[in-house]
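The lines below spell out each chain.
2 protein chains.
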Amino acid sequence: MSNNGAVSGYIDANLDRFREELFEFLRIPSVSARSEHNDDTREAAEWLMQKMKHAGLETTLHETAGHPILVGEWRGAGSDAPTVLIYGHYDVQPPEPLDLWTSPAFEPEIRDGRIYARGSVDDKGQLYLHVKAIEAHLKANGRLPVNVVMLAEGEEEVGSENLMPFVEKHVDLLKTDAVVISDSTMFAPGMPSIGVSLRGLAYFEIRVRGAKSDLHSGSYGGAVANPATALARIIASFHDDDGHILIDGFYDDVVAAPEFVEQIRTLPFDEQEYIAEVGAPALVGEKGYTTYERLWIRPTCEVNGLLSGYTEEGAKTVLPAYAMAKVSCRRVPDQDPKKIEKLFQKHVEKVAPSGVTVEVLVLHGGKPWRARLEGSLYEAGARALRHAFGRDVIYAGEGGSIPIVSEFERVLGAPALLMGFGLPGENAHAPDEWMSVENFEKGTHASARLLEELGS
Amino acid sequence: MSNNGAVSGYIDANLDRFREELFEFLRIPSVSARSEHNDDTREAAEWLMQKMKHAGLETTLHETAGHPILVGEWRGAGSDAPTVLIYGHYDVQPPEPLDLWTSPAFEPEIRDGRIYARGSVDDKGQLYLHVKAIEAHLKANGRLPVNVVMLAEGEEEVGSENLMPFVEKHVDLLKTDAVVISDSTMFAPGMPSIGVSLRGLAYFEIRVRGAKSDLHSGSYGGAVANPATALARIIASFHDDDGHILIDGFYDDVVAAPEFVEQIRTLPFDEQEYIAEVGAPALVGEKGYTTYERLWIRPTCEVNGLLSGYTEEGAKTVLPAYAMAKVSCRRVPDQDPKKIEKLFQKHVEKVAPSGVTVEVLVLHGGKPWRARLEGSLYEAGARALRHAFGRDVIYAGEGGSIPIVSEFERVLGAPALLMGFGLPGENAHAPDEWMSVENFEKGTHASARLLEELGS
Chain A
18 MSNNGAVSGY IDANLDRFRE ELFEFLRIPS VSARSEHNDD TREAAEWLMQ
68 KMKHAGLETT LHETAGHPIL VGEWRGAGSD APTVLIYGHY DVQPPEPLDL
118 WTSPAFEPEI RDGRIYARGS VDDKGQLYLH VKAIEAHLKA NGRLPVNVVM
168 LAEGEEEVGS ENLMPFVEKH VDLLKTDAVV ISDSTMFAPG MPSIGVSLRG
218 LAYFEIRVRG AKSDLHSGSY GGAVANPATA LARIIASFHD DDGHILIDGF
268 YDDVVAAPEF VEQIRTLPFD EQEYIAEVGA PALVGEKGYT TYERLWIRPT
318 CEVNGLLSGY TEEGAKTVLP AYAMAKVSCR RVPDQDPKKI EKLFQKHVEK
368 VAPSGVTVEV LVLHGGKPWR ARLEGSLYEA GARALRHAFG RDVIYAGEGG
418 SIPIVSEFER VLGAPALLMG FGLPGENAHA PDEWMSVENF EKGTHASARL
468 LEELGS
Chain B
18 MSNNGAVSGY IDANLDRFRE ELFEFLRIPS VSARSEHNDD TREAAEWLMQ
68 KMKHAGLETT LHETAGHPIL VGEWRGAGSD APTVLIYGHY DVQPPEPLDL
118 WTSPAFEPEI RDGRIYARGS VDDKGQLYLH VKAIEAHLKA NGRLPVNVVM
168 LAEGEEEVGS ENLMPFVEKH VDLLKTDAVV ISDSTMFAPG MPSIGVSLRG
218 LAYFEIRVRG AKSDLHSGSY GGAVANPATA LARIIASFHD DDGHILIDGF
268 YDDVVAAPEF VEQIRTLPFD EQEYIAEVGA PALVGEKGYT TYERLWIRPT
318 CEVNGLLSGY TEEGAKTVLP AYAMAKVSCR RVPDQDPKKI EKLFQKHVEK
368 VAPSGVTVEV LVLHGGKPWR ARLEGSLYEA GARALRHAFG RDVIYAGEGG
418 SIPIVSEFER VLGAPALLMG FGLPGENAHA PDEWMSVENF EKGTHASARL
468 LEELGS
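Chains A and B are the protein sequences, given in the same order. For the first sequence, my numbering gives the first residue as 18, with consecutive numbering after it. For the second sequence, my numbering gives the first residue as 18, with consecutive numbering after it.
Okay, chain A solo, but in the shape it has when bound (with noise of 0.2 Å):
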């Protein structure tokens, strides 16, 4: 057994360095949605791959049809040893809009104890800290209480395209006894918790047409179907009045598992706080449903973006042409993917006015996930968060989604820990994203012990 005392030691006494790192990181704009943004994304990955190497990973860069896809590994621990496989990624969500940043989003600020950066909690902090726990075990004892394959990804905001291709053409190069992935949040501050449920995700784009060109509103406004209004009928038909989901069958596959709900109703929840958290009037959702059985037990259909028509300054008497809505849903066990676009391609079919023409384009999708909770790999993460964090998990669900949790389950036949180390209010995919500068330490002490337990 390694000297455990020698790796906390080695983490306390480098930790500005690791931040400063990070810090680094953050400043490569990686992100991986705008192909303008192409080179900073490899940038980000070879960084990564630097610092990997420096740790004392042996380390591959795989080429793919989009962003690089990069493996670290350390064998030393053994044939007899256990394997464990931690994934994250290194590419960010776009940053706009730009103006809500307090500070911008690629140079990255401390304030109040919180790290601000585009990536900062998503993904960047929550992988780099791992590469620092397996630096630490490497510098301190020279070597690692487990074998460890590192696998980062820039595509993962993107839909992760190219990963499980990736994934199941080197299962023996990623053969492992747990998945490791720190991609979610903490129930709350000094509350470490374990994942145990991912809501999948089917990202949509309704292209509404009328006119061949945006016309005069009173020339022809009355004659010409309105495509803005024409997906406003649309989107106002995926709920009713008490926020059920109207798309006929989306409901049919929703299986929640009675002991979770029954733990979800006992976790404490300050619904002013939250309130507070997240600046809205009020807190509204699914009617029967408290808020974290909205957001983990509960499927759901956002709108994520509109345009159409004018939307600048002053008053443009324009009859659009065209109307675009991004509309998400998030799916629960066990919705099925396909099902559900289908069912949501359906239902748009049938609500579409006449007047105008409407597509429905599937962006990406990923799987809903629920963990199977028994095993050494929960009982080792439990420890080893009790260790940096000092007391006991909750475990939780997650209403965000990781799509390859569930693929890396079926291609790699290893069961996955959500040790997440963001916390609520962090803003990933908002302005303002940050990550709570105690949670990327105690996160690197809780990685390191993770790797002792495992290997114990």
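Possibly wrong hints are sitting among the right ones.
All copies of an identical chain are treated as equivalent in the list; a pair is satisfied when it fits inside any one copy or across any two copies.
Result set (DSSO-like, lysine-lysine): computed pairs, CA atoms no more than 30 Å apart in a straight line [what the hints assert, rightly or not]: (1) K367 <-> K356; (2) K229 <-> K304; (3) K304 <-> K363; (4) K156 <-> K356; (5) K229 <-> K367; (6) K367 <-> K304; (7) K70 <-> K304.
I should point out that these hints are in silico values taken from the structure, not numbers from a laboratory.
Given the coordinates of chain A, work out where chain B should sit on it, guided by the hints.
Showing chain B alone in chain A's frame:
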């Protein structure tokens, strides 16, 4: 009586130059809605002033809180002769979306007998032909058959806020026996028309706010209201499935003269041709009304623009903090502007979903108008148009608004003659706006003849 043959001859001999001058006018991007074009808008006013001077008018540029108002006068017909006020506007709509223009918006080009440019028909071409008609009289005969006041403003596309205060302040300067306006379309090519009704306008911006910033649609979706969805539900509440507007009291004061309705139903209408012109899959509108009724005598409620969340390439899983719609109602006689504004705001408040805050801004508005058809002005207009186009005029409605028509009648106490030279499909307010070369030329003749008719 002046020599009308000489006037006609002068026009025919100078048509090429008139067109080239119009091109100069069209090259000035006088987009009144955009502050970055303020200098261009002024340049258009000054350019027009020079041309009026050259025609023989005495000109004055009056400063306002917005864009300047240009007045040109010729009073040589004497105090016994009638005075005619010709109104037009030198500002234009924003040209966006630029990529849908076949040739650039501010680089006029003739294709198939049409002058393509932003402002060609709305309203620079229709305004400028009157300047040229005046020039023809003054150069050919040294005098005009009537006293003339030309009034050109630069804020018609943004609500004419400063025009009526100016008119009210200068009632003596602008005292007239008739107001002539060319800012509308003919019923069809070769079919000269006099406009007998205009719809009024009430332009709103609806702003819906939810959380204080954009949120991750996975982490928060389902528990926090979505402003884009809320906005869609508000918009969907404006109409029933038959296209009737559901705003309480909206139709209360809608009055259409039975004889006009009767005449509308006798007008030729080719549905397939109209569908081809607008390029929509089908014509839709309020059930129980024909297309011309929907356009001329029925009010509307149209979305002019929509914006929320992420609208660029790819998928961003954002729960927007904000959603905006521009919505305008076309009003018909005798709907009262203030009343409609209040009913609209009340309706939006009533249907606004919980969990969001909703604000309704009134951007601008204009009264509907109905012509008083009896009298010498209409007879003179009909004769002038018959002279220029060789056939009898059609009395047509107009779906659009010229908000100041009823205001002119109220303040100046003189009837207005709507003598438009646009054509269906002219793309006013849309990419590829055009004006027929033939109508520019025949319109110049018609204007010259109208002055003659009014003076005889």
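Here is what the structure says about each hint:
1. K367 <-> K356: within (16 Å within a copy, 37 Å between copies)
2. K229 <-> K304: between (42 Å within a copy, 23 Å between copies)
3. K304 <-> K363: Both ways: K304 and K363 sit 25 Å apart in one copy and 26 Å across, limit 30 Å.
4. K156 <-> K356: Neither, since 50 Å and 77 Å both go past 30 Å.
5. K229 <-> K367: So K229 and K367 pass the 30 Å test inside one copy only (23 Å; across, 35 Å).
6. K367 <-> K304: both (25 Å within a copy, 20 Å between copies)
7. K70 <-> K304: neither (52 Å within a copy, 71 Å between copies)
Comparing the model with each numbered hint stated earlier shows that hints 4 and 7 do not hold.
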